[in-house]
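Asks: Protein sequence lines, in the order shown, are assigned to chains A and B. Take the first sequence: its letters are residues 1 to 211, numbered as in the numbering used here. Take the second sequence: its letters are residues 1001 to 1211, numbered as in the numbering used here.
Watch out, some of these pointers could steer you wrong.
To be verified - Just so you have them, the derived chain B footprint on chain A, three or more residues with Cβ under 8 angstroms:
no., region
1, 34-43
2, 59-69
3, 78-88
4, 140-151
Claimed, not checked - Residues from chain A that face chain B, not an exhaustive set, calculated with beta carbons under 10 angstroms:
no., residue
5, D9
6, L11
7, A91
8, G95
Don't read these hints as lab results, they were simulated from the structure. Built from N, CA and C at the ideal position, the CB exists for glycine as well.
There are 2 protein chains.
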Amino acid sequence: MAQIQMALDSLDFDATLALAAQVAEHVDILEIGTPCIKHNGLKLVTALKAAHPDKIILVDLKTMDAGEYESAPFFEAGGSITTVLGAADMATINGVIAAANANGGEAQVDLIGVEDKAAVATAAAKNGAQIIGVHTGLDAQAAGQTPFADLATIAGLGLDVKISVAGGINKDTIQSTVQAGAAIVVVGAAIYGADSPAASAKELRALVDAA
Amino acid sequence: MAQIQMALDSLDFDATLALAAQVAEHVDILEIGTPCIKHNGLKLVTALKAAHPDKIILVDLKTMDAGEYESAPFFEAGGSITTVLGAADMATINGVIAAANANGGEAQVDLIGVEDKAAVATAAAKNGAQIIGVHTGLDAQAAGQTPFADLATIAGLGLDVKISVAGGINKDTIQSTVQAGAAIVVVGAAIYGADSPAASAKELRALVDAA
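Produce the entire structure from the sequences given, and follow the hints as far as they go.
Replies: Right, dumping it as C-alpha cells:
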C-alpha cells in the first residue's frame, strides 16, 4: 500500500499547522517543506510532532554538506525522515544515513538536479539509504517538466529501497505513479491549492488505496 | 581589498549572536551557516542584523529549488547575500538573482558538488549572479580536499563577479587565497576554534589587509 506524503509548503508557522490539521487523517507523512523549515526552524518539527504523534514527519532539509551535524537534531526533535541531496558528496549522504540509523529514522536521497540518477540511486541504496526521491522541483515544473520518466528509470533498477515521487502529482496522475513503482507519492498543490484541502486529500487517499 | 566572511556554524541562537559580537569588528560579512539557519529560522537574520546594522549579513541557504520564493524573505529580513547551489536548475539560480536584485542584495552561486564548475560559473555570471562561491564542504574537507585548485580554475575565467572561497582557510593559506583571486575569504574553524576568536579574527584581518 503506497503512502501519501503531504508537502507543507507555506512559510507561515500557524498556517502550516492549520493545513496539517485539515489533512492529517487522510495522509501518512507530513512533510515540512524546505523553505518552510528554513523560515521557521527546528521548533516547527517539535510542534508538528506534538500535534500529530501518530504521523510520520519528514523534514525536507535537502542537506548538501555536514550531513550528520545538520540532520541529527531534526531526527531528535521528532522527524522520522530527512532528505539529503543526491548532488551532495557521498560522505554527506552517509552522514545523514548515520544520523537516521542512530535515531530509528530514515534517510531520503533526493535526486533533484542529479545528472546520473541511476548511479547515485544505486550507490546510495548500497550505502543504506532507505528512500530514493524522484523529484521534479517547483522551478522545473514551471518549465513543464515531470518526474515520470525518471521514475521508470529508478524503478527499473530493482533497488531495495522505497521510491518517493514528487513533482506536481494530482488526481489524474497519482494512480499511474503508484502503479509505476512509487511507494510514497508526494502531493502539494493538488491538496493545498484545492477549495477544500481535506476533501482533496480524502479523494487522493481513495485513489491511492484503489491503485 | 578582500573581504573576510565569518562563518557562524553553531546551531545555538545565543551562541551565534555571542560569537558574532566577539569578531564583528574584524570582519566584513557575518554568515549564518546552513545548519544554523535551518535550526533557528528567519528570526536569527533579524536579530543578527539588529545587532550589527553596519555589517553585511550572508544567509547560507544553499537554495536548490523555489529560488525566489525561498530567498526573498531572507533579503527582506536584513540579509544582503543569500546562496544558491550551482547544482540547482538555472531557473532556481535566476530566481535567487531576481530576489537579490529586487532587494538591493547579491546572489552567491555555490559551486559545491558541481561537476563542471567553469560552465556553471560562466552561465551564472552571464545571468547576473554577483558572487561565485568556490567551496570545499565540511565533509569533503574531512576527506582531505581543499578549494585551491578550483579557485585557480574560476579565477582564470576572468568573469565579472566576486569570487568567494571557503574550505578550511586559515592563517597559513589566507594570503595566498587572496593573491590567487579571492575577493571574499570565508573563515570558520580558524576563528571559532581558536582560544580567542577575537584575537584570531584580528590576526586574519591584518594578514588579509597586507596581502
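Asks: Under the constraints set out in the numbered hints, which ones does this structure not fulfil?
Replies: No numbers; nothing is violated.
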